[in-house]
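J.: Chains H and R, in that order, are what the protein sequence lines are. For the record, in the first sequence the residue sitting at position 4 is 4 according to the working numbering, with numbers rising by one throughout. For the record, in the second sequence the residue sitting at position 64 is 64 according to the working numbering, with numbers rising by one throughout.
Careful, some of the hints might be misleading.
[As the list claims (entries may be wrong)] Listed next, the stretches of chain H that the computed footprint assigns to chain R, with coverage defined by at least 3 CB atoms under 8 Å from CB atoms of chain R: (1) 4 to 18; (2) 98 to 107.
[Unchecked claim] Label pairs and their in silico Cβ distance ranges: (3) Q41(R) with D67(H): 26 to 32 Å; (4) G16(R) with T79(H): 43 to 49 Å; (5) R81(H) with D84(R): 39 to 45 Å; (6) T79(H) with R22(R): 31 to 37 Å.
[Claimed, not checked] Some chain H residues flagged as far from chain R (calculated, every beta-carbon gap over 10 Å): (7) P21; (8) N23; (9) Q42; (10) R58; (11) D67; (12) R77.
In case anyone wonders, no lab produced these hints; they're calculated from the structure. Beta carbons are placed, not taken as given, at the ideal position from N, Cα and C, and that holds for glycine.
Here's the letter readout for the chains.
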Amino acid sequence: DAKTTQPNSMESNEEEPVHLPCNHSTISGTDYIHWYRQLPSQGPEYVIHGLTSNVNNRMASLAIAEDRKSSTLILHRATLRDAAVYYCILRGNTNAGKSTFGDGTTLTVKP
Amino acid sequence: ETGVTQSPTHLIKTRGQQVTLRCSSQSGHNTVSWYQQALGQGPQFIFQYYREEENGRGNFPPRFSGLQFPNYSSELNVNALELDDSALYLCASSLALAFGEQFFGPGTRLTVL
Chain H
1 DAKTTQPNSM ESNEEEPVHL PCNHSTISGT DYIHWYRQLP SQGPEYVIHG
51 LTSNVNNRMA SLAIAEDRKS STLILHRATL RDAAVYYCIL RGNTNAGKST
101 FGDGTTLTVK P
Chain R
1 ETGVTQSPTH LIKTRGQQVT LRCSSQSGHN TVSWYQQALG QGPQFIFQYY
51 REEENGRGNF PPRFSGLQFP NYSSELNVNA LELDDSALYL CASSLALAFG
101 EQFFGPGTRL TVL
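In isolation and in its complexed conformation, chain R is listed as follows:
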């Protein structure tokens, strides 16, 4: 069974640029959630996708957007990067509306200079 994978592992961008982060969900999972984790803090929910549609969003501006593809892989896009966007970005897959576990990927470390 393949776990959740994310790419790239690390990324450095400059303020104002755009970035795309990728996630491959665990086999059989049709829900993916994205989280932002600043240093020393817990993960903060960005949004969730179920069957290619966004169905839940946290307190993040519209410049954070996402896509989920038919094979349940997904992308997180961030436009107009700000210094505060520097963080670890985590994706997690789960079965839709299930109350069991979420499977997290190892994350992408984004640094904005």
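Looking at chain H on its own, in the form it has when it is part of the complex:
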């Protein structure tokens, strides 16, 4: 399975933008890039996903490199409630339910 690499931890100040990077150099042409986040004592929560083009939704934006070997999750204005572990995962079309999680990035938001 294709793997993803993320920094272990990042810090941000409240109301500032946050850019969370992810490397996925072995991504295949049919893999979708998904981001989930997990708050303490909860199951993971979907954030956003994309294939080739940049994507925006109410929670975040996803910027995908032209060669698709990396991507960046952008939180436009971090809030204290955004403090969580963020996972970048790849989902292929042959086993779409299977999501290979790494250890994620722990985001700390300072007031």
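For this one, chain H is given, so just place chain R on it according to the hints.
T.: Structure of chain R alone, referenced to chain H:
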């Protein structure tokens, strides 16, 4: 719209025992996946069920087995429990072969003594 629910919330077992964990999928979803999450790590894929059949499995031994029922609820069964099986067990539902989001339940915390 009802979300994904899991039961029980917490469970304590002893080594060698068997355990059954339950999951109720989100309405309209016919695919369920189960994950094991050890403390401080990301979720690890156990297996996926689609229309009552297993159609994908991670690196877990056969003593981890599952069932999916016609109403799309599901069970995870673990036999001959080992200490390393202590973890948070998550289920997630989704539309089959869809590339949208998976909806995760809150998990069952299993402790094996």
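J.: Against this structure, judge whether each hint is valid.
T.: A quick look at each hint next to the structure:
no.: 1; hint: 4 to 18; in the structure: violated (count 0)
no.: 2; hint: 98 to 107; in the structure: holds (count 7)
no.: 3; hint: Q41(R) with D67(H): 26 to 32 Å; in the structure: holds, 29 Å
no.: 4; hint: G16(R) with T79(H): 43 to 49 Å; in the structure: holds, 46 Å
no.: 5; hint: R81(H) with D84(R): 39 to 45 Å; in the structure: violated, 33 Å
no.: 6; hint: T79(H) with R22(R): 31 to 37 Å; in the structure: holds, 34 Å
no.: 7; hint: P21; in the structure: holds, 16 Å
no.: 8; hint: N23; in the structure: holds, 15 Å
no.: 9; hint: Q42; in the structure: violated, 6 Å
no.: 10; hint: R58; in the structure: holds, 13 Å
no.: 11; hint: D67; in the structure: holds, 20 Å
no.: 12; hint: R77; in the structure: holds, 22 Å
In this structure, the earlier hints numbered 1, 5 and 9 are contradicted, and the remaining ones agree with it.
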